[in-house]
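First to last, the protein sequences are chains A and B. Be aware that the first sequence starts at 1, since it is given in the numbering used here, and climbs by one per residue. Be aware that the second sequence starts at 485, since it is given in the numbering used here, and climbs by one per residue.
One thing to keep in mind: the hints can contain errors.
Claimed, not checked - Label-pair distances were calculated between CB atoms; the ranges are: (1) A:Glu301 <-> B:Tyr848: 43 to 49 Å; (2) A:Gln196 <-> B:Asp731: 49 to 55 Å; (3) A:Tyr148 <-> B:Ser851: 30 to 36 Å; (4) A:Val289 <-> B:Ala596: 54 to 60 Å; (5) B:His717 <-> A:Gln196: 37 to 43 Å; (6) B:Thr867 <-> A:Glu32: 53 to 59 Å; (7) B:Ala960 <-> A:Val289: 36 to 42 Å; (8) A:Gly138 <-> B:Ser851: 54 to 60 Å; (9) A:Glu301 <-> B:Gln871: 39 to 45 Å; (10) B:Asp731 <-> A:Glu301: 40 to 46 Å; (11) A:Glu32 <-> B:Ala596: 29 to 35 Å.
As the list claims (entries may be wrong) - DSS-like mimics (lysine-lysine), calculated; alpha carbons at most 27 Å apart, straight line: (12) A:Lys133 <-> B:Lys864; (13) A:Lys297 <-> A:Lys407; (14) B:Lys537 <-> A:Lys271.
It is worth saying that the hints were derived from the structure and are not from the lab. Note that the Cβ used here is the ideal one computed from N, Cα and C, for glycine as well.
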Amino acid sequence: MMTENRYEMVCGVETHVELATKSKIFCGCSTEFGREQNTQVCPVCEGLPGVLPVLNREVVKLAVRAGLALNCHIAEFSKFDRKNYYYPDLPKNFQTSQYDLPICQNGWLDIRTGEQVKRIGVTRAHMEEDAGKLVHSGETITTSQESYADYNRTGVPLLEIVSEPDMRSIDEVIAYLEQLVGILEYTEVSDCRLEQGSVRFDINVSLRPAGQEVLGTRTETKNLNSFSSVRRCLEYEILRQAEVLDEGGQVIQETRTWDEGRGVTLSLRSKEEAHDYRYFPEPDLVPLVLDRDWIEKVRAELPELPEARYARLQSLGLSAYDAGVLTSSKALGDFFDQAGRHYPDAKNLANWVMGDLTRLLNARQWSVKDALIQPRQLAAMLELIDKGVISGKIAKSVLEDMVVSGKDPEQIVKEKGLVQISDESALLTVIQEVLQAQPKSVEDFRSGKEQALGFLVGQVMKATKGQANPGVVNQLLREQLTEQ
Amino acid sequence: MDITARSAVELHTMLVEKEIQAQELTAACLEKIRTDDQEIRAFLTVTAEQALKQAAAVDQKIAAGEKIGLLAGIPMALKDNISTLGIRTTCASKILESYIPPYDATVAEQLAQAGSVLLGKLNMDEFAMGSSTENSGFGKTCNPWNRKHVPGGSSGGAAAAVAGDEVVFSLGSDTGGSIRQPASFCGVVGLKPTYGAVSRYGLIAYASSLDQIGPVTRTVADNAHVFNAIAGHDAKDSTSIAFDKPDYSQFLQREIKGLKIGVPREYLAEGIDPEVKRVIREAIQTYTDLGALVEECSLPHTKYALAAYYLIATAECSSNLARYDGVRYGLRAAEAEDILGMVKQTRARGFGAEVKRRIMLGTYALSSGYYDAYYLKALKVRTLIKQDFDQAFAQADVLLAPTAPTTAWAFGAKADPLSMYLADICTIPVNLAGIPAISLPGGLAGGLPVGIQLMAKPLAEGVLFQAAHAFEQATAFHTLKPAPTGGAL
């Protein structure tokens, strides 16, 4: 709903996601990101005269996996088509895509906004090839003296996922994107590296007076690559359209582009200027016929999806918040699950994973995958605390060591001599020394100041370099102070 | 007989028996090219140095006592739309005048494997669009039988080079008759294989769903041997068929007694030259004499084939030729102000009139609002034409028809594009149906060769060789030669 509730927004999203294959969709070139320009090309992806495409089976498998995770119907018969348009980042001046018979159709996913759960329709998902990248000496292709084309990305497999226009607020759009990206990550269909442009969004949005059935005229803003850009773009575009409507004007159906720097959308081309893509069946590829049993096999191999994990974590006794955090980062959630196999107290484990471990990772700008610590090592460390071998405080430094060194906690404790002192006779000697050195605190405690005990415990811990068992120290101190 | 006029089968024996050396043979062909091709102009590029090296390698093998294949040391050339690594491949278009492919077409690799000696690249109608080779961006090729006449097209260079004894065989491509019609006009044997029987990888596309590469030879036996070398599945071509490839030469000696030959009446209707009809009647008699059972049959949708072809082929070409934009290779209009201007001027300057005409036709046929009426309807006609052939082949093993309605016409005689399109009326249905067909010499009319065309079911090239070889042995039209001067009108 709009801020002033005069208009209702209607939004649908087209998501282009790079599939996590090693090689391109129609040739054997590597899909690795960030290599030197035009080093990952061959005659096929360069579209040289006479070359022919050969479909990469892995692309089909990932597309089917994504489709199944999005509750789509998987077509046993689909085909490729050519989308014809001229642009120098497209070496053949047509893109091989899927038009009227896409591989996935009629799916959905559920999104959560606050307590609300809403089902968003997924119209279709189809396979296609990515275009190359242009680098201009100036601002744009028309204003530059020189433009350079890098075809490393040409032929990288994409899945275009088209939603129904089911979203009615910016929060719903963001929730949809988060949920979608989560599913794609969970199924390992894509690396979903948004910052590298491996997921891009086209946002279709229109406004209509609150209560009206008929849809308003929409605009499509292309090529957004972060959730925050989508949010800002929608905020701007809704306001822009509302102003047009407020003034009695009409929104023009057009394609727009997002200017990140200025935070505005700009007109790219109107409906009249829209391309006639002259789609027709790709004659160089045979239709794609999938075996029902094979599709079912892919379904059986699907991993646990975000919604299922979210529910399961709550059933382990975690709060909705904790379950949400451990679901939204698949890597952290996986780490939690793996550690959980070796450690029964889910809540305690979650506190460590989301607390100290996350803090250590954030300080280094690491993902949990970058850290050397293994999930079972964290479990082992928690066991050491529970058995009283180390204190929670010591454990924090042990954890830091584990994150960077990957050593077992037992080894770190042993090497650094961090074993907790619980031996009463050893501790009594230290306590006697502290009591003698701190007569004022002793006096304070005896005159009723409870806090003085805390100070004295701290002194004992300091004297033992933190290795004393604080519980035992507390008990012994109290005994000593009340005895005399 | 001049050694350059001999068949690959004969030359193979001579090489193995050490009567000649491969280098001698190659040198003889290069000399023939040097003397005759100034006038015939079948070649766009001659690769003499490389050819002599390839021949020397074959001679070394023979000298070392190694067994060589039938095509080893045999001089040949490729139509200039077949990509050759490091050798200019132009499609006879100004837009690709300077283009040198960084890879070999699968067929080029296969022939190199077989030890054949590549003498160069052959002229054609630009991007294989035409029926006379007059649409070449680099000048016309003459018919060796009469140098005032066209060699046919689009594989005019491929047919003229073989007919003129400049090479022993060549490879052409056939989208609507581009191997068979020039073979007919030049009095040689040309095979359009089953769609998918020969890899298209490296064949610069005109119309992808119709294009096929095939051999042009002076004898049916040679044709079978070349087809042996190039047929088969290729992982680089998704439309190529995985099938058990027989040795096609084993079909040559088979009798044709009892072979059922259908003669579709639609191919002898109006517009077919009476002399061509005479040749077909004589061929029917020859086959009857050989014990074949010849019967008339019908392919009722033939009359729609030409229209369907010119929608499907042009639609595909409008997309296939989009890549020639001056951005990466070939011609570039460098003085243009911006990218759009560069693309427009490059294409305006680089493409010839016929190519532009077909790109425009195809763009129109695929345009929003016209797609269903044109392209989709053409696909439906294509299905009907396929069904016609299915029904005909339920009764007949082979169909016999003219290859072309006329003999080779004089240069400039068909200036109107539509009359040129009509010249393909006998060959186009075969491409739409994806079936194989062969054209072989059926006699002369007015001193010019007339081809007869045999068609068969998909992957039944064997029966084509069988029927064609029997006819060739019975008639010996293949031994007829153009006069050394090329004759006058």
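Hint-by-hint comparison with the structure:
One distance hint, 43 to 49 Å for the beta-carbon pair Glu301 (chain A) and Tyr848 (chain B), holds here, with the actual separation near 47 Å. The hint said 49 to 55 Å for the Cβ distance between Gln196 (chain A) and Asp731 (chain B), and at roughly 54 Å that hint holds. Distance hint for Tyr148 (chain A) and Ser851 (chain B): a CB-CB separation of about 33 Å, consistent with the stated range 30 to 36 Å. For Val289 (chain A) and Ala596 (chain B), the Cβ-Cβ distance of about 35 Å falls outside the hinted range of 54 to 60 Å, so the restraint is violated.
For the pair His717 (chain B) and Gln196 (chain A), the supplied restraint of 37 to 43 Å holds, since their beta-carbon distance comes to about 38 Å. The supplied range of 53 to 59 Å is broken by Thr867 (chain B) and Glu32 (chain A), whose beta-carbon atoms lie about 44 Å from each other. Here the CB-CB span from Ala960 (chain B) to Val289 (chain A) is close to 49 Å, at odds with the stated 36 to 42 Å. For Gly138 (chain A) and Ser851 (chain B), the hinted distance range of 54 to 60 Å is not satisfied, since their beta carbons lie about 34 Å from each other.
At about 42 Å, the beta-carbon gap between Glu301 (chain A) and Gln871 (chain B) stays in the expected band of 39 to 45 Å. Restraint check, Asp731 (chain B) to Glu301 (chain A): a C-beta distance of roughly 45 Å satisfies the suggested window 40 to 46 Å. Glu32 (chain A) and Ala596 (chain B) have their C-beta atoms about 33 Å apart, which keeps the hinted 29 to 35 Å range intact. Pair hint Lys133 (chain A) plus Lys864 (chain B) does not hold up; C-alpha atoms about 39 Å apart against a cutoff of 27 Å.
For the suggested pair Lys297 (chain A) and Lys407 (chain A), the alpha carbons sit about 39 Å apart, so the restraint of at most 27 Å is broken. For the proposed pair Lys537 (chain B) and Lys271 (chain A), the alpha carbon gap of about 60 Å is over 27 Å, so the pair is violated.
The structure fails to meet hints 4, 6, 7, 8, 12, 13 and 14 from the earlier list, while all remaining hints are met.
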